[in-house]
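Dock chain B against chain A, hints included.
Protein chains: 2
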Amino acid sequence: MPLLVVGSVALDDVETPAETRENLLGGSAVYFSYAASYFTPVRLVGVVGEDWPAEHTRFLQSRQIDTRGLQVIQGAKTFHWRGKYFADMNQRQTVDVQLNVMNQFDPVLPDDFRRCKYLFLANGSTDLQLKVLGQCPGASLTVADTMDLWIRTQPDLLADLLRRIDGLVLNDGEAKLLAKDENLVRAGNTIRQMGPRFVVIKKGEHGAMFFSKHETYVLPAYPTAKVVDPTGAGDSFAGGMMGYLAEQGDFEPKTLKEAMAYGILAASFTVEDFSLDRLKKIERADLERRMEEYRKMLSF
Amino acid sequence: MPLLVVGSVALDDVETPAETRENLLGGSAVYFSYAASYFTPVRLVGVVGEDWPAEHTRFLQSRQIDTRGLQVIQGAKTFHWRGKYFADMNQRQTVDVQLNVMNQFDPVLPDDFRRCKYLFLANGSTDLQLKVLGQCPGASLTVADTMDLWIRTQPDLLADLLRRIDGLVLNDGEAKLLAKDENLVRAGNTIRQMGPRFVVIKKGEHGAMFFSKHETYVLPAYPTAKVVDPTGAGDSFAGGMMGYLAEQGDFEPKTLKEAMAYGILAASFTVEDFSLDRLKKIERADLERRMEEYRKMLSF
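Chains as they are written, first to last, in the numbering used here: chain A, 13 to 312; chain B, 13 to 312.
Chain A with its partners taken away, still in its complex shape:
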């Protein structure tokens, strides 16, 4: 089943202790789309400026990513993010954000996009997420990401969104903020009671937690000795997860847990190089091989 994602498309500058790279292909919808494309056709909705290299669009199209929803706005520049990682790669600082075309982003979905059954609202302002949601009344699985900025500035809109989506994906710090609780197990359940049928808390190098009415569990990250650039790991996680769900066409507890695992493995590849440089070198078979190791690791 095709999967629709709406989110940021960016050019990133990334500083790591080992190396600095500039103008990298990035953005939540980009990482999400690419990770999801191992499993299912993806329809990407986003906006870029006139500085956007056409080769990036062709690169996305070379996978099963439909870019008809990628608006190019002349006379404006692409969203630009600059971040810095410290020796402990879990610590990140945003050095600079140039919203540029994101200020004008008002997605109007093509008709066939509106009929997508699987919808992911990548990190973006809550009002924008609600606008997209309103255009897809027939979606059978809607999952959203959010962040501290929207939790603080659009709490009422977020409360509305939470009542209307099936799943929420957010990181540990954001979950604590939203639930006003430092204990992640309680926080996850509190957020679930705000509306979504399931909540996923991403814990970076420590894996991810899942909460539904009947289940609470945590799966560890795949241990990788090579962490080059963690940018996009969370979006790759969501892409792997949603891509697998769309491929399977159901969201039974068993499928959801497998989807969590695929998300974790997609993220484990993303961090092994800058931008999509590692992901673009792997095939579905590489994900399956790592899945076999991962299952073995967790069985005893």
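Derived by calculation from the structure, the hints in this document are not laboratory data.
Treat the hints with caution; some may be incorrect.
Note that the list lumps identical chains together, so a pair holds whenever it fits in one copy or between two copies.
[Claimed, not checked] Within a straight-line C-alpha distance of at most 20 Å, the following computed PhoX-like cross-link-like pairs (lysine-lysine) qualify:
| id | residue 1 | residue 2 |
| --- | --- | --- |
| 1 | K269 | K308 |
| 2 | K225 | K269 |
| 3 | K266 | K308 |
| 4 | K129 | K143 |
Here is chain B on its own, set in the frame of chain A:
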């Protein structure tokens, strides 16, 4: 098989955001012994002062913990630790340490203790750990804990110890310090190459990692909504792990992984109340019930 542990026996003051408790039964050897006692008879070696309540000794004896190695030094006071936890219970600050009798601790093991096949050197100065190791030449499995203080102040002795033990258990920050590497996967393997056949890195609420020549894996913590006091979680982990190994009488990869899981579950109970208040309310059957849930959580 009986299991010998040498380590601290303490009276703790613990400040948490919800409550402060003073003069609690604590210490690495105490938490370790109690957690191990679900699996195997334990022989505890430690030292206390004249202020030590005899009821604590009787309490330990009420389980299968042999306290003949617990010296009581008259005219001196028991090791006293005061710690403070913040809203994020993973953040701890040592407020005060009174070494007291620990300054005079020079363990001389009873003859039958020296013949123990399973030995755990709980956190303590490396020279003291080496002294104990020298008294147990026939041990078939020796595992040690260490901490930043000894990594910084006794590096040569620690290098010697690492060449002579089978396993090392330490927390994530200590592993990074010892290996001089911020990536835990690389750090674990680096430390393993310093001598021990296996290394376990404890990650607090995020579980534990295991490293041997042929295996690297990570197991998550059991998700608990009730974290009252994390003190002793790491020592309970080691106690559960070593207790199970001693009970099984082997250290095959399969047994080691099961032991890791029992350690994680012992710790998950410890944090649910102050001191040993939660552990003392459970039976082996409670550990087995949680093990069943834990296995289910990790299988998909």
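Task: Broken hints, by number - done: none
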